[in-house]
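Could you slot chain A onto chain H? The hints should help.
Just so you know, the sequences run in chain order H and A.
The C-terminal position of the first sequence is numbered 272 in our numbering, with every residue numbered one higher than the one before it.
The C-terminal position of the second sequence is numbered 390 in our numbering, with every residue numbered one higher than the one before it.
One should not assume that every hint holds.
What the hints assert, rightly or not - 20 Å max Cα-Cα, derived EDC-like pairs, lysine to aspartate or glutamate:
no. : chain 1 : residue 1 : chain 2 : residue 2
1   : H       : Lys133    : A       : Glu121
2   : A       : Lys74     : A       : Glu121
3   : A       : Lys123    : H       : Glu260
4   : A       : Lys74     : A       : Glu27
5   : A       : Lys100    : A       : Asp223
6   : H       : Lys133    : H       : Glu260
It should be emphasised that the hints constitute simulated quantities derived from the structure, not laboratory data.
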Amino acid sequence: MDEHLVWQGYLLSHHDAFTVVQSPFTLNGTRVFGADSDPTTLAVAALLHRSGTEPVDSVSVPQGMDSPTLAAACDVVVASEDGLDACSWDLMLSDEAVVVLAKRGADVSIPHLDVEVPVDAQEHAAMEQAWSKELHPQHVSQGAFVSEAAYVEGAGARLALEGQRTRGTVVWPPRFGDHGSAESTNVHRTGEVLSWTALSAAGAPSEFALRAPLLGGLATVLLHLHDGPNGVFLLVDDEDHDITMGASVELVLRRLYAQEGFMRYGLKGRLV
Amino acid sequence: MVNVAMVGAGQTKYGNHPLGLKGMWAEAAEQAFASIDGDLEPQQVDEAFIGSLAFGGAQLGNTAALLTEHSRMKGVPVRRVENACASSGYALRDAWMAIKSGQADIVVAGGIEKMNDLTPERKRYWLGVSGDTEWERLAGLTFPGTYALMARRHFHEHGSTHDDLVHISVKNHLHGSMNAKAHIQKAVDFEKAASGFMVADPLTLYDCCPTSDGASCVVLAADHIARRLTDTPVWINGSGAASDHLALHDRPSITQLAATQQAARRAYVQAGVSAGDIDLAEVHDCFTIAELLATEDLGFAAAGEGGVFARNGEGRLNEGDVTINASGGLKSKGHPLGATGTGQAVEVFQQLRQEVGNQRQVRDAEVALTHNVGGSGATCAVHVFGREVA
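Chain H extracted, bound-state conformation:
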């Protein structure tokens, strides 16, 4: 039997043999991605939900999804070209902002859901154009930035909250000096607001220069994660925020920014 729920800001339908994740946003009746979502972020939501009910060991990934990010965020084996036949799960991308995770050979049907959040056509186009510019290989840094190597080095901590447990204390992000003596752990993706700020577009780092004006600025929270450590996170771009001290927040995967043709993903906060 299908179960429908809101999951990490998306519409999720759970079936015994497959999971469908749909963007809530629509343009002229077609589902479109929100301001910081894409096929990869929807796929992560599907994988994380599914792996809460049964193991998803290996999965095939279509073009248009970021395989290293999926692997780091969800601890799954992304099948190489040679290993496609051995996969037990497939990720699929529809023409709309809809992603399906299905057991190999499952008979998939995408449920029609009445939930639709219409987006403004001009605003949507402007955001798409900004992402396109950001992703251009010649859109390069003029100073400090997170290179692909630095991003990959911290991917486990950034995308799956990999941390360390040392003498009963959870440390996140992990410290290189402690690797030998610490036990690996994954920090839970929930926390409470210790502090917050809303940055004007002019106050945001230049990595966000193309999109911050479209969003009316950025919102950042300092969270006390429920396992102990603190962290700073952007809030998701496509929801309104009425932030208060102590508010509960869940962390979900979204786009952060792109440079030099390379998309950086990370966890962002959703008020719950």
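Structure of chain A alone, referenced to chain H:
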């Protein structure tokens, strides 16, 4: 052990300076040597330390060698010191240590930053490079955002308010209005300062320091030389420094800077003084909340009472126990990142020698302090100065 004194000090005007790196440094160094009462040539310097973040737009590598070449110090052993906004606070400490160690007798410490020769886009890349790049910057934070998080938490924990920050802004603008070297020489009233454009909620434009060009330079000497060069040396009686987690989220508290507390403790012990002995403090008010926190961390106000301290008008010129940021501070004098630490020392040099020359002079000041912070508190250098040697 040898005592160390400042015998000369100079700086450019802060702001949109018409000159580049070479010209600004030459101007500051020339003023510093000209301020020495006796005869001392730049070529007599044993060692030099120049703080700079190297914001961009000019020489990045080997900056210090280029600068000595343009200030008649060619051949002097020199290096660039980089600790973000605390670069020249640490250059000053390095210079002090060089003399203390007995390896040098005459040392130059200085700092420089050219920030306004970049396009707005390139400038935005540089602002915030000293915060935690991998986590904070990816979370949309540059320093206005980071300090905004501190401010809101302080409001929450201690009942301070944005009005308390406005009092700090008004005070520093007033002080800066009397400083011919200040970037912003304009007093503002409470209503105007309270209604600025929001940069990072709750911090407005009037809570944030400007982006300034500038250079500063001080000449230090061992006591046996200092006494030959001047009758009014300014003694560096204490030098404390400390570091902390780079990222705000790794610190147990974001309403105090542990690096400031440690650096101050060390400097006070060396100088044999306590916070109550300080007549004049130049503190690192890159944002108004930073001054509020500094008043607590340096011991001028009790923990959590920085808001009350500001609300009561403490820190105003010649009004209470301590004058804070007689120069106008970073908020009004300006903040050319690498120049700020030794720029604070220039102010102290002139104040303790009673050479300010207008109503900005702190009356009867005997003991002074400088407080220079790198980023959001990852590094800090605190120095205690006196008209008398400790």
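The hints, checked one at a time:
{"no.": "1", "hint": "H/Lys133 - A/Glu121", "result": "holds (15 Å)"}
{"no.": "2", "hint": "A/Lys74 - A/Glu121", "result": "violated (35 Å)"}
{"no.": "3", "hint": "A/Lys123 - H/Glu260", "result": "holds (19 Å)"}
{"no.": "4", "hint": "A/Lys74 - A/Glu27", "result": "holds (16 Å)"}
{"no.": "5", "hint": "A/Lys100 - A/Asp223", "result": "holds (10 Å)"}
{"no.": "6", "hint": "H/Lys133 - H/Glu260", "result": "holds (10 Å)"}
The structure fails to meet hint 2 from the earlier list, while all remaining hints are met.
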